[in-house]
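Got chain A sorted already, so can you dock chains B and C onto it with the hints?
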Amino acid sequence: MSEKTNPGNFFEDFNVGQVLPHATPRTITSGDVAVYNSLFPMRFVLQSSDEIARGVGYERAPIDDMLAFHFVFGKTVPDISLNAVANLGYADCRFLAPVFPGDTISTVSKVIGLKENSNGKTGVVYVRSTGSNQTGTHVLDYVRWVMVRKGDESTPAPEPDVPSLPTSVDPKSFALPPSTNFSGLDCALSGSSHLWGDYAVGEKINHVDGVTIEEAEHMMATRLYQNTSKVHFNQFAEGQGRFGRRLVYGGHVISMARALTFNGLGNAFLIAAINAGRHVAPCFGGDTIFAWSEVLDVAELDGRSDIGALRLRTIATKDRPCTEYPGALEKGYDEGVVLDLDYWVLMPR
Amino acid sequence: MSEKTNPGNFFEDFNVGQVLPHATPRTITSGDVAVYNSLFPMRFVLQSSDEIARGVGYERAPIDDMLAFHFVFGKTVPDISLNAVANLGYADCRFLAPVFPGDTISTVSKVIGLKENSNGKTGVVYVRSTGSNQTGTHVLDYVRWVMVRKGDESTPAPEPDVPSLPTSVDPKSFALPPSTNFSGLDCALSGSSHLWGDYAVGEKINHVDGVTIEEAEHMMATRLYQNTSKVHFNQFAEGQGRFGRRLVYGGHVISMARALTFNGLGNAFLIAAINAGRHVAPCFGGDTIFAWSEVLDVAELDGRSDIGALRLRTIATKDRPCTEYPGALEKGYDEGVVLDLDYWVLMPR
Amino acid sequence: MSEKTNPGNFFEDFNVGQVLPHATPRTITSGDVAVYNSLFPMRFVLQSSDEIARGVGYERAPIDDMLAFHFVFGKTVPDISLNAVANLGYADCRFLAPVFPGDTISTVSKVIGLKENSNGKTGVVYVRSTGSNQTGTHVLDYVRWVMVRKGDESTPAPEPDVPSLPTSVDPKSFALPPSTNFSGLDCALSGSSHLWGDYAVGEKINHVDGVTIEEAEHMMATRLYQNTSKVHFNQFAEGQGRFGRRLVYGGHVISMARALTFNGLGNAFLIAAINAGRHVAPCFGGDTIFAWSEVLDVAELDGRSDIGALRLRTIATKDRPCTEYPGALEKGYDEGVVLDLDYWVLMPR
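Protein chains in written order, with my numbering: chain A, 1 to 349; chain B, 350 to 698; chain C, 699 to 1047.
Heads up, some of the hints might be wrong.
[Claimed, not checked] In silico DSSO-like pairs for lysine-lysine, Cα to Cα no more than 30 Å straight-line: (1) K230(A) <-> K902(C); (2) K902(C) <-> K4(A); (3) K808(C) <-> K702(C); (4) K902(C) <-> K150(A); (5) K204(A) <-> K331(A); (6) K353(B) <-> K204(A); (7) K553(B) <-> K702(C); (8) K702(C) <-> K819(C); (9) K848(C) <-> K553(B); (10) K470(B) <-> K680(B).
[Unchecked claim] Here are some, though not all, of the chain A residues that point toward chain C, as calculated from beta-carbon distances under 8 Å: (11) P21; (12) A23; (13) P25; (14) G31; (15) D32; (16) A216; (17) R223; (18) Q226; (19) K230.
Simulated from the structure, these hints should not be mistaken for lab results.
Values in this document were obtained by computation on a predicted structure and should not be read as measured data.
Every residue gets a Cβ at the ideal spot worked out from N, C-alpha and C, and that includes glycine.
Isolated chain A (complex conformation):
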C-alpha cells in the first residue's frame, strides 16, 4: 500500500488527551437538505418552512438535527473508526446551536478513554467529538466508543481509562434556541395537534409507516456526509465478507426512524440530546424500517413556558411492523429490532 493513502489509526495510535482535528470542513447548502429530504420522509415544519422558522424566531429554517449530526460524525470516520470492528455506543450528545444552510462545519475529537480487550487484538477507544460552525460556535458535542483493531498486537496495553458518562443528559444543560418563541405555532400547519402536555410517561406510540431502503439511497446519504467507512460502498469486497452485502450506515437507520416518528410526534421538531444509542442488528438494502416510541420522561425547561422536553426511546425494526412494540428482552432483543435510541426532544406546549 502506498504510504500516501490513509491507513487509519489503530488502537495503539490513540492516547488519552490526544486531540484530532478532522478533515474536511464542509459548507452545508440547501442542496444537501434537498437530497436529505428526498431520502428520508422528513415533515417537521420548523425545518420545512423558512416562513414558519422566522415566525418562531429563527433567521430561516435550520437543517434537521440528525443531518447536522451526520456531517459532524462523518468527518471522524477516517481518523477514528477506519479500523473499527464495531461502533459500540453513543452518550452525552447535545445539540448546542442550530445549523443553517451556508454554515461550514468542522469536527475535532478528543480521546477521553482507552481500554484494551483481554484478547490483546482489539481495544475500546472513547472520543468526545465536537462540531463547530465557521464562527467557532459549537453546534454539537457527543461521546462515542468504538472497538478498534490493534495494528501491532505486540504493543503493550495502555493503562485502562474508562470515562464516566451520564446515562441521560440533564435537561438543565440543554442549549435552548435563544430568542425563539414557539407558543404561537399553528398545529394545522405542523401536521399534529398534540403538544408537550399531551404526552405522558409510559405512553407508547406505534409510528405505523414502513419505508424500504434501497442500496442507491443509503450510499447517497452516506456519501453526502463524507463518511468514508468502506463497508457501505463496496459490494465487490462485502460480497465476499461476513454478510455478503454492503452494510447500511447505522445513522441512516436513525434518520429513518426519526422521520417515521413524525406520525405521532409531529411537533417534536428539535432534538435536544441523545442519551444513548445502540445499533442492535445490521441493516441492508431492501430492508423495510418501522419504528415505535415510548415516552420515558417529561421535563419542563427553565424560563420557557413555550416548550417542554420529552425523553423518548425509539425502537426501529426491519421487516416487522411495530404493532406489538418489539423491544429489549432480558437478554438481547426481539426479532427484527435494529435500533434502540434514547433521546430528548423539544416540543411546543
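Just chains B and C, lined up with the frame of chain A:
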C-alpha cells in the same frame, strides 16, 4: 393504534363546503430543483437557465410546473387520500403564478362534492386544492376526485352532490406570466426550432426516447414532495399486497412523460392548465416509460403576440415504444398505456 | 418519426469549420453540487468548504472540475454524438476558469476534422467544444473525436482532414486561478499531508477503496448534466441490445475514479488539463470501481511558488482491486481495466 398517529379521513369525515388547511408549508429551494433534474430528463430552457429566464422577463428561472404541482398535491395526501382506494381524476387545473426557489408553498383544499358508492363501502370525494406562496398569491388550483373507504360502513350516505366540471380549461382564463415577452427566444439555445405556428391540430408526435424508473428514484421524488401515500414506500407491506410491489406515484409518470415531450415539443416550457388526467395502469420500479402526443387544439391568447397555446394529449406507455401511437380503445386502452393526459401548454410564436 | 424530434446529426451533416451553438444553457446551483456529492465520494477541501476557498482567494468554493466538464459535455450530445457508434478520445482539454454555483454554462462546438472510415458506413468527427459562463468567460475547452454513423451511405466521403493534437497539454498554457495563494493550506483540514514536492515521477499509488455503482445513481448523474445519450436510460431497448443492459456514462467512471484518488492524492483538488482519456471497457450498474495512479511528470509553474503540477495517469478497474496495478498490455489492457486517463492536477507546494 395510538390516537396520536394520523388515521387519515374516511368518506364519512368529509362534508361539502369543508375547508382543510394542509400541513406542511414547504420552502422550495434550488436543491429541490436539482434533485428533480436528476430524476427526470428536464431540458426546457426557461427552467434551465436564469439568464434565459431574465431575458424574457422573469426574475430568475421558475421551477418546472409539474414540480410545483407535486409539492401542492403532496400536502393533500395525509388529509384527503390516506384511505383512498383509487385516484379517479383531475380537472380544471390552472397554473396561476410562477414558483421560484425560495418560495414557501402551502395548500388548502375545499370539499366540493361527495357521492357514496352503491356498495356502501366507499364513496367519491371531490376537492378543489389551491396552492399559495408566502405572499398569499395562488400558484396552482385544481380539482381531483378520489374513491375513499368508509371507516364505519353503517354511517348513512350523504346527499349525492357531484360538481359540474369543465372538460377543458378555457384559454381565456389562463393566468399568463405578466411582464414577459418570449418573442426573442433563441431557438438554438432552447433546443427546438419549432414554434407555436408550426403545430397543427391532429398532428401526432412520437417522443422516441424511453426512460427506465428505478425504485430509489420514484421514492426519492415522492418523498421530496412530502407525499406520504404508503403504497410507494413500503415493500414489506406491498410485497404481500395486490401487486406484490411498491406502486410508482402517478405524478412521477406525468413528470417523466412531460420530460420526454421535450423531444418534439422543446419550446413548450410552460403548462397553462391540465384539463384531465387518467392513470390508466400502475407503474412499478423497472418499467421503461415512453410517450407520444397529439395536438388537440391551438389557441391564440388575448393581447399576446409572443406566445400561443397548444392543447395536447400525451399518452405514456410502459415497456412499449410509441411508434404505433397506442391509445384509447372503444373500451379501455391499448396494451402498455399507463397515462392519458389532456393539457394546455404555452409556446413562443 | 415526427420531423420535430431530434434525429441528431449524421456523419455527412458535419463540415470542417462548422460552428454548433448547443442547447441548453444551464444555471448550476449548490443543489447540483449536493446531488454530485451524494453520487461520488468527493472530499477535496477546496470544493467542500466556502471558508477554505475564501482563505486561498476564491469568492466561494468552486464546483468540482469534472462536474463542470460534465455540464459542458452534456450539451454537445444532442448535436454531436446522438448517432455515435463510439466515443474515441479526448485531447487538449484545459480548465480555464473556476465555475461557481450561480454560473450559467453554455457550450459551443466547432468541427475541426473529419475522416470517413473505409467501410463507407461511418466516419470520425473531431470537434473542439468550449464551455462559457454568463459573462462569456471560457471555463473549459477540449477536443473529442467520435465515430458517427452516416445517414445516407451513398453520400460521398469528404476530403480527410485530421487535426494535429498535442499528446499532452503544456503546463505553460495552464490557466491558473489568479489572486489565489495556496501556501497556507492547513493539511489537517485537507485530509492529506502530502504536497507537490512529495510526489516523484514513476510513483504508483493504489487508491485502495472501491465503490459500487447503482443503476439509479448513474442515471441521476447523467440526467443532471442533461446528457441525452439514449444508452444510459432505456432498459427496454438496451435489454435487447448488445450488452443486455444500460451502459454507464463514461464520464461517471471518470468522476468516480477522480473521487477515489483522494485517498493518496488528497491535495490534488484542481484539474488543470486532461491530456488524453480512453474508455477501455463499458461499465454497468452493479460494477464496483477501483483506481490507481502513476505520476508521469511533475512541473513547476511560472511565477507560482505556492502550487505545482503533477501529470497523472489514473487507471480505473471494475470488480478488481488495484493491488497489482493492472494497466495497458502490449495489445489491449489487463482484465478489468475500464478507464485510462492522462491529466494534470495542481497541488500546493
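Evaluation of the provided hints:
| no. | hint | verdict |
| --- | --- | --- |
| 1 | K230(A) <-> K902(C) | holds (22 Å) |
| 2 | K902(C) <-> K4(A) | holds (10 Å) |
| 3 | K808(C) <-> K702(C) | holds (24 Å) |
| 4 | K902(C) <-> K150(A) | holds (27 Å) |
| 5 | K204(A) <-> K331(A) | holds (22 Å) |
| 6 | K353(B) <-> K204(A) | holds (10 Å) |
| 7 | K553(B) <-> K702(C) | holds (10 Å) |
| 8 | K702(C) <-> K819(C) | holds (25 Å) |
| 9 | K848(C) <-> K553(B) | holds (27 Å) |
| 10 | K470(B) <-> K680(B) | holds (26 Å) |
| 11 | P21 | holds (5 Å) |
| 12 | A23 | holds (3 Å) |
| 13 | P25 | holds (4 Å) |
| 14 | G31 | holds (3 Å) |
| 15 | D32 | holds (5 Å) |
| 16 | A216 | holds (4 Å) |
| 17 | R223 | holds (5 Å) |
| 18 | Q226 | holds (6 Å) |
| 19 | K230 | holds (6 Å) |
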